[in-house]
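Novice: Here is what each chain is made of, one letter per residue.
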Amino acid sequence: MALSYYVHIPYCIKRCGYCDFNTYTPSELQDGATLELVSNDYIDAVLAELDTTPREEVPTIFFGGGTPSLLPADDLGRVISAIKVRNGLTPDCEITLEANPDSVTQEKLERYLEVGFNRISFGMQSAKAHVLAVLDRTHNPENVKRSVDMARAAGFESISVDLIYGTPGESIDDWRESVTTALSLDIDHISAYALIVESGTKLAAQIKRGEFSMPNDDLMADMYLLVDEMCESQGLSWYELSNWSKPGHECRHNIAYWENKNWWGLGPGAHSHLAGERFWNVKHPTAYKQKLFSKTSPILGSELLTQTQMNTESIMLGIRMRQGISLEMLTSAAIANLANYSENGFLEITQNHVVLTSKGRLIADRIVREITI
Amino acid sequence: MPAISLAKAPQPASTNPAQIRNFCIIAHIDHGKSTLADRMLGITEVVDPRNMRAQYLDRMDIERERGITIKSQAVRLPWRSGVDGQEYILNMIDTPGHVDFTYEVSRSLAACEGAVLLVDCAQGIEAQTLANLYLAMENNLTIIPVLNKIDLPNAQPEKFAAELAKLIGCQPEDCLRVSGKTGDGVKELLDEIVKQIPAPKGDPNAPARALIFDSVYDSYRGVVTYVRVIDGHLSPREQIQMFSTGVRHEALEVGVISPEPVASKGLGVGEVGYLITGVKDVRQSRVGDTITTFNNPTKHALAGYKDPKPMVFSGLFPLDGADFPALREALDKLQLNDAALVYEPESSAALGFGFRCGFLGLLHMEIVRERLEREHKLNLISTAPNVVYNVTMDDGKEVRVTNPSEFPDGKVAVVKEPIVKSTILAPSEFIGTIMELCQERRGVLLGMDYISEDRVEIRYDLPLAEIVFDFFDQLKSRTKGYASLDYEEKGDAEGNLVKVDILLQGEAVDAFSAIVHRDKAYAYGVMMTGKLRQLIPRQQFDVPIQAAIGSRIIARESISAIRKDVLAKCYGGDISRKRKLLEKQKEGKKRMKMVGRVEVPQEAFVAALATDADIEKVKAARKL
Numbered sequence: 043m044a045l046s047y048y049v050h051i052p053y054c055i056k057r058c059g060y061c062d063f064n065t066y067t068p069s070e071l072q073d074g075a076t077l078e079l080v081s082n083d084y085i086d087a088v089l090a091e092l093d094t095t096p097r098e099e100v101p102t103i104f105f106g107g108g109t110p111s112l113l114p115a116d117d118l119g120r121v122i123s124a125i126k127v128r129n130g131l132t133p134d135c136e137i138t139l140e141a142n143p144d145s146v147t148q149e150k151l152e153r154y155l156e157v158g159f160n161r162i163s164f165g166m167q168s169a170k171a172h173v174l175a176v177l178d179r180t181h182n183p184e185n186v187k188r189s190v191d192m193a194r195a196a197g198f199e200s201i202s203v204d205l206i207y208g209t210p211g212e213s214i215d216d217w218r219e220s221v222t223t224a225l226s227l228d229i230d231h232i233s234a235y236a237l238i239v240e241s242g243t244k245l246a247a248q249i250k251r252g253e254f255s256m257p258n259d260d261l262m263a264d265m266y267l268l269v270d271e272m273c274e275s276q277g278l279s280w281y282e283l284s285n286w287s288k289p290g291h292e293c294r295h296n297i298a299y300w301e302n303k304n305w306w307g308l309g310p311g312a313h314s315h316l317a318g319e320r321f322w323n324v325k326h327p328t329a330y331k332q333k334l335f336s337k338t339s340p341i342l343g344s345e346l347l348t349q350t351q352m353n354t355e356s357i358m359l360g361i362r363m364r365q366g367i368s369l370e371m372l373t374s375a376a377i378a379n380l381a382n383y384s385e386n387g388f389l390e391i392t393q394n395h396v397v398l399t400s401k402g403r404l405i406a407d408r409i410v411r412e413i414t415i
Numbered sequence: 107m108p109a110i111s112l113a114k115a116p117q118p119a120s121t122n123p124a125q126i127r128n129f130c131i132i133a134h135i136d137h138g139k140s141t142l143a144d145r146m147l148g149i150t151e152v153v154d155p156r157n158m159r160a161q162y163l164d165r166m167d168i169e170r171e172r173g174i175t176i177k178s179q180a181v182r183l184p185w186r187s188g189v190d191g192q193e194y195i196l197n198m199i200d201t202p203g204h205v206d207f208t209y210e211v212s213r214s215l216a217a218c219e220g221a222v223l224l225v226d227c228a229q230g231i232e233a234q235t236l237a238n239l240y241l242a243m244e245n246n247l248t249i250i251p252v253l254n255k256i257d258l259p260n261a262q263p264e265k266f267a268a269e270l271a272k273l274i275g276c277q278p279e280d281c282l283r284v285s286g287k288t289g290d291g292v293k294e295l296l297d298e299i300v301k302q303i304p305a306p307k308g309d310p311n312a313p314a315r316a317l318i319f320d321s322v323y324d325s326y327r328g329v330v331t332y333v334r335v336i337d338g339h340l341s342p343r344e345q346i347q348m349f350s351t352g353v354r355h356e357a358l359e360v361g362v363i364s365p366e367p368v369a370s371k372g373l374g375v376g377e378v379g380y381l382i383t384g385v386k387d388v389r390q391s392r393v394g395d396t397i398t399t400f401n402n403p404t405k406h407a408l409a410g411y412k413d414p415k416p417m418v419f420s421g422l423f424p425l426d427g428a429d430f431p432a433l434r435e436a437l438d439k440l441q442l443n444d445a446a447l448v449y450e451p452e453s454s455a456a457l458g459f460g461f462r463c464g465f466l467g468l469l470h471m472e473i474v475r476e477r478l479e480r481e482h483k484l485n486l487i488s489t490a491p492n493v494v495y496n497v498t499m500d501d502g503k504e505v506r507v508t509n510p511s512e513f514p515d516g517k518v519a520v521v522k523e524p525i526v527k528s529t530i531l532a533p534s535e536f537i538g539t540i541m542e543l544c545q546e547r548r549g550v551l552l553g554m555d556y557i558s559e560d561r562v563e564i565r566y567d568l569p570l571a572e573i574v575f576d577f578f579d580q581l582k583s584r585t586k587g588y589a590s591l592d593y594e595e596k597g598d599a600e601g602n603l604v605k606v607d608i609l610l611q612g613e614a615v616d617a618f619s620a621i622v623h624r625d626k627a628y629a630y631g632v633m634m635t636g637k638l639r640q641l642i643p644r645q646q647f648d649v650p651i652q653a654a655i656g657s658r659i660i661a662r663e664s665i666s667a668i669r670k671d672v673l674a675k676c677y678g679g680d681i682s683r684k685r686k687l688l689e690k691q692k693e694g695k696k697r698m699k700m701v702g703r704v705e706v707p708q709e710a711f712v713a714a715l716a717t718d719a720d721i722e723k724v725k726a727a728r729k730l
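Protein chains in written order, with our numbering: chain A, 43 to 415; chain B, 107 to 730.
Every clue listed holds true.
Lysine-lysine pairs mimicking DSBU-like chemistry, simulated, CA-CA at most 35 Å apart:
hint: 1; chain 1: B; residue 1: K695; chain 2: A; residue 2: K244
hint: 2; chain 1: B; residue 1: K586; chain 2: B; residue 2: K522
hint: 3; chain 1: A; residue 1: K325; chain 2: B; residue 2: K684
hint: 4; chain 1: B; residue 1: K699; chain 2: A; residue 2: K401
hint: 5; chain 1: A; residue 1: K250; chain 2: B; residue 2: K696
hint: 6; chain 1: A; residue 1: K401; chain 2: B; residue 2: K695
hint: 7; chain 1: B; residue 1: K686; chain 2: A; residue 2: K333
hint: 8; chain 1: A; residue 1: K303; chain 2: B; residue 2: K675
hint: 9; chain 1: B; residue 1: K686; chain 2: A; residue 2: K401
hint: 10; chain 1: A; residue 1: K187; chain 2: A; residue 2: K288
hint: 11; chain 1: A; residue 1: K250; chain 2: A; residue 2: K325
hint: 12; chain 1: B; residue 1: K696; chain 2: A; residue 2: K303
hint: 13; chain 1: B; residue 1: K692; chain 2: A; residue 2: K250
hint: 14; chain 1: B; residue 1: K684; chain 2: A; residue 2: K333
hint: 15; chain 1: B; residue 1: K483; chain 2: B; residue 2: K696
hint: 16; chain 1: A; residue 1: K250; chain 2: B; residue 2: K637
hint: 17; chain 1: A; residue 1: K187; chain 2: B; residue 2: K675
hint: 18; chain 1: A; residue 1: K250; chain 2: B; residue 2: K684
hint: 19; chain 1: B; residue 1: K675; chain 2: A; residue 2: K401
hint: 20; chain 1: A; residue 1: K333; chain 2: B; residue 2: K690
hint: 21; chain 1: A; residue 1: K150; chain 2: A; residue 2: K325
hint: 22; chain 1: A; residue 1: K303; chain 2: B; residue 2: K686
hint: 23; chain 1: B; residue 1: K675; chain 2: A; residue 2: K244
hint: 24; chain 1: A; residue 1: K244; chain 2: B; residue 2: K637
hint: 25; chain 1: B; residue 1: K695; chain 2: B; residue 2: K684
hint: 26; chain 1: A; residue 1: K244; chain 2: B; residue 2: K686
hint: 27; chain 1: A; residue 1: K401; chain 2: B; residue 2: K692
hint: 28; chain 1: B; residue 1: K692; chain 2: A; residue 2: K244
hint: 29; chain 1: A; residue 1: K325; chain 2: B; residue 2: K690
hint: 30; chain 1: B; residue 1: K675; chain 2: A; residue 2: K150
hint: 31; chain 1: B; residue 1: K675; chain 2: A; residue 2: K56
hint: 32; chain 1: A; residue 1: K303; chain 2: B; residue 2: K684
hint: 33; chain 1: A; residue 1: K244; chain 2: B; residue 2: K684
hint: 34; chain 1: A; residue 1: K401; chain 2: B; residue 2: K637
hint: 35; chain 1: A; residue 1: K337; chain 2: B; residue 2: K675
hint: 36; chain 1: B; residue 1: K675; chain 2: A; residue 2: K333
hint: 37; chain 1: B; residue 1: K684; chain 2: A; residue 2: K401
Hints listed in this document are in silico derivations from the structure and should not be mistaken for laboratory results.
Note that the structure is predicted; figures quoted are calculated from it, not measured.
Construct all of the structure, not just a fragment, from the sequences and the given hints.
Specialist: Quick look at the structure:
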C-alpha cells in the first residue's frame with residue numbers, strides 16, 4: 043500500500059486579498075521570531091507528526107501553503123529525508139514545491155533540486171498588472187518567465203503555473219493574453235481556476251462595498267472554454283477539470299486525491315485520508331506545535347465515510363477527470379438522468395464510461411447532483 | 107359609589123328585564139373600543155384591578171397583537187345608576203370592527219336594544235363604522251354617539267360632533283365625550299346607557315325563545331353557545347331543542363360571562379349568556395338559529411341571519427408536502443370556530459396537495475392563515491387571492507370557477523364576476539386621487555356626499571376582484587392613510603374577462619394562471635413573465651416563459667441555459683467540504699418542483715404569487 047504526503051507550510055510574507063487558506067504572515071503570528079527560527083521550529087513539529095504516520099512507501103510528496111518557497115531549502119529537505127528514511131520513496135517519486143515567482147533565486151532553486159524536489163508549480167495567476175493588483179498579488183509579472191527559466195536551468199523536469207480567471211475587471215482579452223503568456227513559457231502543466239470569492243477575505247469585503255464587481259457566469263464560462271481550447275492546441279491536454287498537461291506531466295499527487303488514494307497531510311489544518319476515513323489537524327500553527335511538542339495528537343476531528351459517501355466522492359471526483367466514471371458506479375435512475383445531458387452535448391458515454399465535454403465540465407456540479415444518491 | 111359587588115347584584119335568571127340594558131359598541135379598529143371596554147370592566151369592578159390587563163376581552167393572541175376583535179363576547183356588568191341610584195345589569199356585546207366580519211356585527215346587533223357609536227375624535231368616523239351604524243339604525247337600535255380619546259392633543263371634538271350629529275340626526279351637544287385611556291366620562295356613559303337604551307321586552311311565560319348570536323368551540327368544554335333570551339327561560343339540566351333541526355340536547359351548563367364564565371341558575375327574558383350542551387361541532391349550534399325547550403317548544407322562530415358567503419378564495423399548500431394531513435386537521439379544527447371558513451382539497455401540479463379555501467375577505471384570509479401557522483405550526487404557501495366567477499359557455503353550460511385553473515377552455519359566452527358596492531370616506535383633498543384609483547380598477551361612480559366641511563363619502567361599484575388585489579393598500583398609500591373603505595356585495599355583473607396562462611417551456615403552470623380583465627391581460631403577462639425570469643434559475647436548456655390567452659401568446663421572456671455550475675478547485679481538504687455542500691444541495695433540490703422538465707424552486711412560486719410577508723418567511727426559513 044502506498045501513502046502520499048502533503049506538507050503544509052502555513053506562512054506567507056503577505057496575505058493576498060482573495061486568499062482564505064490556512065496561512066499566516068509573520069505579523070499575524072506576533073511571536074517576534076525570525077522566519078528562520080519559526081521555520082526550524084515548525085519543521086521539528088512536522089517531523090514529530092510524521093512519526094505518527096503509517097510507514098508505507100511514498101509515491102508523491104507535495105509542499106503547499108502558504109508559501110513553501112519562503113522556507114530555506116534545507117528545512118524542507120529535512121522533511122523529504124525523514125520520509126525517505128522512514129517510509130522509503132518509490133523510484134519515480136514526484137516531489138512538488140509550490141513557489142512564489144518573487145521568492146526564488148537560481149541558487150535557491152538549485153538547492154531545492156538537491157534536497158529532492160523534482161516538480162515546481164509557480165503561482166502566476168495573471169500576466170496583467172491590473173488583474174494582479176485586484177488579486178492583491180505582489181509579484182511582478184515579468185518575474186514569472188525569469189523564475190520558470192531559472193527552474194528549468196536548475197534542472198526541474200516538470201514545471202507548472204497556476205492561473206486564475208474571472209477576476210473583477212478582467213476582460214476576455216486580458217485572459218487570452220495571460221493564457222498566451224503562460225503557454226509561451228517553458229512549462230509542462232497549467233492549472234487554471236475560476237476565482238472563488240471566499241467569505242471573510244479582503245476581496246469579499248471589497249466586493250460587498252461595491253469597489254469591485256464579479257464577472258457574470260457567462261464570461262467565466264467563455265474564459266474556461268478559451269483556456270481549454272488554447273491549452274489543447276498547444277499540446278497540453280486536460281486531465282482534470284482545472285488542469286492541463288503535456289503527456290506524462292500530470293500531477294500524480296493531485297491524481298491521488300481524486301482517486302481517493304491514501305494520503306496524509308502534515309501540518310496545521312491539513313486533511314488526511316486513509317481507507318475511507320478523513321481527519322484533519324488543529325488549524326493554528328501555534329496550537330499545532332504545542333500539541334506535537336507535548337506529544338499529543340494534533341488531530342482535531344475525523345469522519346468515517348459510509349459506503350454511500352465513498353461512492354458519492356468517487357463520482358464527484360471521478361467525473362472531473364479525463365477518463366470519467368464507469369457506468370457501473372451509477373444507479374439506473376442516475377444513468378437515465380444522464381440522457382438529457384448526453385443529448386445536449388454535455389457529456390459522452392463511450393465504452394461504459396461517462397466523460398464530460400468542455401461545456402459539460404462547466405456544469406459538472408449540476409450533473410453530479412443528478413447522478414448521486 | 108356606583109359599582110355593586112357581584113354577589114349583591116341582581117342574579118341571572120332572577121333579574122327583572124326592566125333592570126337590563128343590552129348594548130354593543132360600534133367602532134373602527136383603532137378607535138379605542140377595547141380600551142373603553144377595559145375601563146368599563148374596571149369601573150363596574152367585575153375585574154379585580156390586580157387581574158386587569160389591556161384588551162381584556164380579546165382572547166386570541168392575534169386579536170391582541172393586531173388590536174382587532176374577531177369573535178364576539180358578551181359581558182354582564184352590574185351597575186348602580188348615578189342618576190336614579192337603582193341597580194342595573196348592563197350586557198355589553200362586543201363586536202368585530204372589520205368589514206370582513208360585518209356578518210358577526212349584525213348578529214351582535216340583533217341581541218341588543220342600543221349601540222354606543224364610538225368615534226376617535228382625532229380621526230372622525232370611518233367607512234366601516236358608518237356601515238355598521240347604518241346596520242344598527244336599520245335594526246332600530248338606540249344610538250348613543252360618543253367621541254373617544256378626548257385626552258389627545260389633536261382631538262377635534264367639535265368638528266366630529268358635528269359630523270356625527272349630521273349622520274345620526276341628533277344635536278352635536280348630544281355626543282358624549284370620553285377617554286377610554288383616562289376613564290374620563292365613562293361613568294357618565296354607563297349612566298346614559300341606562301337612561302337612553304330601552305329595557306328588553308319579552309314574555310316570561312311564553313315558550314322559551316333564545317337567539318344564538320355566536321358559537322365558539324372550546325377544546326375543554328366543547329361548543330359554547332352565546333344566546334340572548336327573548337321569551338321564557340332557559341335552565342341547566344333542561345332539554346333544549348334547536349328550532350331549525352329539531353335536534354335535542356341537554357343544557358349541561360347555563361351561565362353568564364362576567365367577564366369569566368359563571369354558571370347560573372338559568373337565563374331569563376332579556377338576558378344574555380352562554381350554554382354548554384357537550385356538542386363538539388359549532389355547526390350543530392348554528393348561529394342565527396332559535397333555541398327553545400323540548401318540553402314546551404315555541405312555534406315561531408326568531409328572525410335569523412343570512413349565512414355568510416365566502417367572497418375571496420385562495421389555495422393553501424403546505425411548504426412540506428408531508429404536512430398535508432396536518433393542514434387538513436388544522437382546518438377542521440378552525441372550522442369548529444369559524445363557520446364562515448370553507449375549504450376543499452385541491453391539487454396543483456406546481457404546489458402539490460393543498461386546499462382551496464373560501465374566506466369572507468382579505469383580513470379573514472390573513473387571520474385564518476396566521477392561526478394555521480401560529481397555532482398549528484404549519485408552514486404554508488398561499489396562492490394569490492381570487493373571487494368566484496360564473497362562466498357560461500356558448501352551448502349554455504355553466505361553470506363556477508373558484509380557481510383560475512378551472513376556467514373552462516372552449517367557447518366562452520359570458521363571464522360574470524362579483525361586484526361590491528363600496529363606500530370610501532376621506533378628506534375632500536383626496537377626491538381626485540380616489541376617483542383615479544377607482545377608475546383604474548373599473549369602478550362605476552354611484553355618488554358622493556360631504557359628511558362634513560372637508561370630508562366626503564364616495565360611493566363606487568367595484569369588481570371584488572379589483573379589491574382583493576391590493577386595492578386597500580393603494581387606497582391607503584395614495585391618501586396618506588386617511589381614507590377608509592367599506593363594501594358590501596351587490597351581485598354579479600358581466601365582465602370582459604379572460605384567463606391568462608403562464609407557460610414554462612410550452613407547458614401551462616396552473617398556479618400562475620389568473621383571470622383578469624382583457625385590458626389588463628397584457629400587463630399581467632409582462633409582469634408575470636418578467637418576474638419569473640428573475641426567479642427561476644437557469645437550467646441545462648433555454649426555458650421560454652410565455653403568457654397566453656388561449657393559444658395566443660401575449661408576452662414572452664426567456665431564461666438562457668446555464669453555462670457554469672462547478673467549483674474549480676478540489677484538493678485535499680476541499681473534498682469533504684465539497685461533498686457536504688453537495689449533500690446540502692441535494693436537500694435543496696428536493697424542494698424544487700418539476701414543471702415539465704423545468705426545475706422551479708419553491709421560493710419562485712412564493713415570490714411570484716404571494717405577499718411580501720411570504721417572501722420574507724421563505725427567506726427566513728432558508729437561513730435556518
